[in-house]
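Q: Single-letter residue listing:
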Amino acid sequence: MGQAIASLAEDRYFDLEPGQKEIALELYQQVRDLPLVCPHGHVDPRMFSDPDYDFGTPVDLLIIPDHYVYRMLYSHGIALEKLGIPRLDDAVVERDHRKIWQIFAENFYLFWGTPTGIWLNEELRLVFGVESELNGEEAQDIYDQIAEKLTQPEFRPRKMFETFNIEVLCTTDAASDSLAHHQKIGESGWTGRILPTFRPDAVVNHIHKPGWRESIQALSAASDIDVQDYGGYIRALENRRAYFKQMGARATDHAALAAYTEALSSREVDRIFQRALQGEATEADAVRFTGHMLIEMARMSCEDGLVMQLHVGSERDHNLVHWQRFGPNTGADIPVTSEFTHNLQPLLEEFGRNSALTLILFTLDESTYARELAPLAGFYPALRVGPPWWFHDSFNGMRRYFDRMMETAGIYNTVGFNDDTRAFPSIPARHDLWRRASANWVAGLVARSIVTIQDAEAMVKDLAYGLAKRAYNLD
Amino acid sequence: MGQAIASLAEDRYFDLEPGQKEIALELYQQVRDLPLVCPHGHVDPRMFSDPDYDFGTPVDLLIIPDHYVYRMLYSHGIALEKLGIPRLDDAVVERDHRKIWQIFAENFYLFWGTPTGIWLNEELRLVFGVESELNGEEAQDIYDQIAEKLTQPEFRPRKMFETFNIEVLCTTDAASDSLAHHQKIGESGWTGRILPTFRPDAVVNHIHKPGWRESIQALSAASDIDVQDYGGYIRALENRRAYFKQMGARATDHAALAAYTEALSSREVDRIFQRALQGEATEADAVRFTGHMLIEMARMSCEDGLVMQLHVGSERDHNLVHWQRFGPNTGADIPVTSEFTHNLQPLLEEFGRNSALTLILFTLDESTYARELAPLAGFYPALRVGPPWWFHDSFNGMRRYFDRMMETAGIYNTVGFNDDTRAFPSIPARHDLWRRASANWVAGLVARSIVTIQDAEAMVKDLAYGLAKRAYNLD
Amino acid sequence: MGQAIASLAEDRYFDLEPGQKEIALELYQQVRDLPLVCPHGHVDPRMFSDPDYDFGTPVDLLIIPDHYVYRMLYSHGIALEKLGIPRLDDAVVERDHRKIWQIFAENFYLFWGTPTGIWLNEELRLVFGVESELNGEEAQDIYDQIAEKLTQPEFRPRKMFETFNIEVLCTTDAASDSLAHHQKIGESGWTGRILPTFRPDAVVNHIHKPGWRESIQALSAASDIDVQDYGGYIRALENRRAYFKQMGARATDHAALAAYTEALSSREVDRIFQRALQGEATEADAVRFTGHMLIEMARMSCEDGLVMQLHVGSERDHNLVHWQRFGPNTGADIPVTSEFTHNLQPLLEEFGRNSALTLILFTLDESTYARELAPLAGFYPALRVGPPWWFHDSFNGMRRYFDRMMETAGIYNTVGFNDDTRAFPSIPARHDLWRRASANWVAGLVARSIVTIQDAEAMVKDLAYGLAKRAYNLD
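Protein chains in written order, with the working numbering: chain A, 32 to 506; chain B, 32 to 506; chain C, 32 to 506.
Source of the hints: derived by calculation from the structure; they are not laboratory data.
Glycine included, every Cβ here is placed at the ideal spot set by N, Cα and C.
Check the hints yourself; a few may be wrong.
Taking beta-carbon pairs under 10 angstroms as the criterion, some of the chain A residues facing chain C (in silico) [claimed, not checked]:
#1 ALA40
#2 ASP232
#3 TRP421
#4 ARG431
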C-alpha cells in the first residue's frame, strides 16, 4: 500500500461529504482517547499472569494464532503447513518464521479492502512503528523491526495493556476452568483488570458426543460436586457461576448453532440427562437439552445477576478432514441462517419481561437485524443486541448494523462494542474502527438534522464507552 | 434535542452532496403540498362521525394509543402500568397523565435516531407549535401547551383532517362491522372522504380457535345469511364485500403469518369448514383454510374490483403473559422470515395473469424485496408491491426499499405510500418523510444521470400522490 | 428521457462527492477500453457461424428475444401476443413490428431507473447512434434509424464482435450439442474467439420427468456410448467433456434450484439411475441425483481442469399456463431463498481443499453474500464467487455485492464480471456498467484511505479484465 495508507490519515474511513466529515472528526476526537472497555473476547489470561510473557516471533504473534489471517492465505491455495499452523498429528510444518513471513508479505494484497488488512496495517504502524509498505521486498526488514520491538520491555503484555489504555478486559473461560491465571493476576499486585467470563458450552452442548462426559467429569472435579443426575449438574453449574462471580466475572457466554429454546419438564430433562450420562443421547436430545439449558441459564442470571451473552449461527468445523488435521478455531467455521422470533419465544415467555436479566444477542445473519433483533430488543426489557460480530466486525458491517438496527432498537438497546479477539495487539485498531464508524454514523444524523450536535456527543460517548460499561456492570 | 432539530431545517433528512441535495429540495418542493392520499391505515372512524370528538389529554392522544411509543419505554424496564396502558383485568394503572408525560419526556432520548422520534418531534412542532425541546425539564410546560391546543376547535379531528390536507383516508374494518360511523359521516354533510376497507381476518384465520365461531355468528348477523356451511359462508362474505363497496370501500385487507396459498377441492374445504363449525378444526386445517381463502378472495376481487392487500410476516402476540394482561396490538408483534415465491404460486397460477386483480403485497422481511417481490411484481400483471411497512416505515427503510425494489420492479409496480397508522396526528409527518425520502432517491438518479429532471418530476409526483390514487382506484 | 441522459455524461452513475468522483473517473478511464472478456453468457453461436447473419427488425433484435424487456411490459397488462412473443401453439401473435415498437416506446417510462432502461438507452445511443428520446412520438423515427443500421455490413454480428472489442465470448451449450456452429466458426478463418461451455443440466436434473430420457438418448447419440447404466452415463459425460474441452471449452455450467449436494453410494446411485431409465424415479430421487452429480462433476473438473460454474436459486417457469403457452426462459423465473453452508458441505468435504478445482458460485439470494458465500470463499481454496447475477446485475446490485462480499472474501476470491446475456448488442453497456461500478467502489476505498491509488489501479484492472481471464483460464 502507498502513501495515503502509510500516513494513516486522521479522517480515514469517514464518509466524504466535507460537512459530515468535519462533524465526524469532531465527534471522533471526543472519544478517540477514552479507555477501552473489552467486555468480551478470547485473549489468553496467561499473557498477564506471567509478567515476563514473551510473544515469540512476529509470526508467533501475528499469523499462527490468527485464523482471520491464515484462512485468507489458505483460500488461495497456500497450505497451512507452509504457514506454520500446527497439525494435531504433529506432522512437520514450516518452522522458518522468516519464510512464513515472506509468504504472508508477498500475498498481503489478498487483504486489500478487508478489515484484517486494516487492522494489520494499523497494528504495524501504530503498535510497531513500521513505516514502509508490507510487501515481498520489505518483508524481512519489517520482520526485523517487529522482532526487535518484541524484545523490549514495552512489548510485554502487561505494559501493552497499559499503553493501549484498556480499562478492563474480559476473557472467556470454560465452566471447569480453575481461573488460576486470573487468581495469579489478582495476587500479583498488577492493577490491570482481567475478568473471567463463564462459558459452559462444553457441558451444555453436544451431550450426545463423547467429549461431553469428559467435560462433566471436569465439572464435577472443579465444583467438588459429583454430577450423577440433573439436579447435581445444576448445583455444580450454580457452584461454578458463584465462583466465577467471586473472581470478578460479570457475564456468561453461550454459543449455539441455533437460538432454539424449549422448556423441558423436569421428568424429560432428567431422562435426557441420564441417557447422556450413559452415552445414549441422540442428536435430537442434544438440541433439546441445549435449548432447555439456555432457559435455565437465563433463570440463573436473574438470580445471580451475571449478564448472559448468546452467540448464534456458526456452523463450526465445516470440513471434517481439516478439523481432524488442525482442530477447531482454525478458520473453517461458516455462518448459517438464523431465526430468533420463534426460537427464543419459550425463553422470553418466561424471562423476557424481567429486567433482572440482561440477555445480549449476537448474530451472523444480518437479515435478522431489522427483521427480528431490533423488534425483539425494542420490546423485551431483558434483551439487548450485541455489536456486529466476526465476519461483520468491519466498517461496512458496522454501517449496515447502524442502518438496520438503530431505527427500531434505538442505540440504548445495544451494548456498544466488543473486540471478541484472540489477537491482543489488534485491540486498539478494532476499537478505533468502531469509534470511527459510530462517529461517522452519528455525524450523518447530525448533518441530516436528525439529532442535534449535543445529543450526538452523548451518543458517541455511549457507543464508545458507556453502553458497554453499563450493560456488563463494569463500573 | 437542540437547535438544528428545533428549526426543522427545510433540507432535513436529505443526502448531503450539495448538487443532489439541491435537486432533492427542488423535487420535494413540487410534492410537499400535494394532498395526502391515505389508502391504508387504522384511524378510528369514530373520530370523524362525532363532530365534537375530543382527543383527551396529551397522553391520551400521543402515548396510550401508540404502541410504537410505549414499547420502547417498556423495553427499558418502564412498566406499562406506569404509562397508563390499560390492563384487561382492570388492575389499577397510572391515571396521573402529567406523571406519565414526565416519564415519557425524561426518556425521550431513547428515541434518538428512530422514526418515532422524528414523527413525534415533527408533530410537536408542526401540529402543536411546541418550540422547546422535549425533556424532563420542559415536560410540564409542553404538556400545558398541547393540552391547551386540544381544547381549541382547530383540534377537532374533522378540522385537523382538513388542515392536514387529506384527500381521502381509508380505515380498516371487520367483515361484520356495520360501518355505522362511516354512514354517519356520510350523512353528516361533512365532505371529508373516510372510506372503509374490508378486513375479514377474523372469519378467515384461526378457524381452530374459539373466537372464530363468534366471528362467524357476527358475520351471519351482519349479512343476514345464516352461515351453516361453506357455501353460505362464501355468500355471506360476498354480501359484506358488496355492502363495503357500496359504502365506498376500494380495497380489502388480509393479514397472515405466511403468504401460503393452496387451492382446496370443494370437498376438502367443505369438510374443513364443518370441522371448524363443530370446534374440531386443527391448526393445520386453519393454515390450509387461510391459504385457500386468499385464493378465493382473489377470485372475488377479480369479480367486484376491490383491490386486495396482503400483509404478511408478523408473529402476533409474541408473549402470552403480556397478551393476557394487555391484549393484542400492544407492541409485542415480531416479524418472521417470509417466503412468497412458492407460497403464492397457487394463487398466482390462477389469478396472477389477470389484470382485473390488483394484489398488493406487504412484507416485514426485507430480504424478499430484491429476491422475490420485485421479480414477481415485474412479471405478474396482477401484482403490485406496497411501501415499506411498520418497522421499515423509516428513512433508512425507505432507502433500502428504493435501493432493492425499484431496479427490478420499476416504480410503476409499486403503489406509493400509505401511513398505516392509528396515530392520527402523525399522518402529515409520515407522508412528509416519504416525500422527502422519495425526492432524495430520485434526485440521486438525476444527479447520477440515470433519469432526466423531467422524468424525475413525474416520478416524485407519482410516488407522492398518483401511484396510491390509481392503485386503489381513488379517483 | 431528457438532455442529461441523451448526452451520456462521462461521469454517469458515479457517486457524487467530487473527490471520490474524480478518482473514480480516473480509474474508470484506465479500464474503459480494455477488451471485453465474456466467460459466461447465452449468445447464440449461430450468429457467428453465418458471416451474413441478419438480426431482422429492431423488434427481432431488441424485444422478442429479451425477456428482461417484455416481462416488464407484460407486468403492466400488455399481452405478450401484442409484443410478438411466439406462442408454442402457433396461435397468431402481432406481426407488425412497427406496432410492437410503438407499444414499447410508449411504455418505455416503465424502465425508469432500471438496468434494462440503462442498457437500452446506451445501446440505442452508442451502438445505433440514436440521439432522440425513446417515446411514443419519436418511436417510428427511431425504428427507421435502427432498421437502416441493421442493413449495413457493420451490423453483422462478427463485425460488431470486433467493434465491441470482445476478446473472447463463451456460449452455453447442452451436453449433447454437436458444437457444429463452433466448428464452423473455427474453420471459417474468422479470428473471433467463441468458445463453448458444457452445460449438462438436461441429463443431470429432473430425472423423474419424461424429458430426461430423451436427453439421455441425445447424450448416447452424441457420445456414441449407449447409456444403459450409471457407468455408461458417466463415461458418456466424460466423453462429452473431453470433446468440449478439445473444442476450446474452459468451463462447465450447472443450474439447480438448490445447492444441495449428497454423496450417494455406488449402489444407491445405480438403483436411482435404473429407476430413472425406467421412468420410475421420484422427485426425491431427482433431488438426490442432482446433488450427487454436482459432486461427480467436481471430481471430473479436478481431473480435466474445466472450471465449474454453479447457478443456484431460480424457480423456473413459475406459472404453468404461461409456460405451456410461451415455453421456458420467457420471464417467469423467480428467485427463492438459497442455502450454501449445509448444502455444499458434502461436495466441499471432498473437493473444497483441492486447488485443482475452481468452483464458481452464483446466487440470487443476496442475504447469502456476507453470511455464507464470502466466508466459504474466504476459506476453501476451490471456491470463488461469481458476479451479481440476473436481477442483481445492476448498479445497486453491484454496489451491494461490493459492500457485502469483499470485506470477507477479498476481491481475489471473486472472478470479475460476466454479462450472462442472450442480448448480444447489450454486451458493451453491461460491461461498461460493471467497470463504472467497480471503479466507483474502489475510488471510495481510496478516498477513505483504505487502499492506495496504486493498489486501486491494480484492483480495477483485475475486476474489469484480469480476474475473469485468470479464473476461467482464458489466456
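Q: Holds or violated: the hint that ALA40 of chain A contacts chain C, with Cβ atoms closer than 10 angstroms.
A: ALA40 of chain A check passes; min Cβ-Cβ to chain C is 4 angstroms, inside 10 angstroms.
Q: Go through the hint on TRP421 of chain A and say holds or violated, using the shortest Cβ distance to chain C against 10 angstroms.
A: The hint holds - TRP421 of chain A has a Cβ within 10 angstroms of chain C, the shortest such distance being about 9 angstroms.
Q: Close enough to count: is the Cβ of ARG431 of chain A nearer than 10 angstroms to one in chain C?
A: Because about 8 angstroms separates ARG431 of chain A from the closest Cβ in chain C, which is inside the 10 angstroms limit, the hint holds.
Q: Interface hint check: ASP232 of chain A, Cβ to nearest Cβ on chain C, cutoff 10 angstroms. Holds or violated?
A: violated, 20 angstroms
Of the hints listed earlier, the one the structure fails to meet is number 2.
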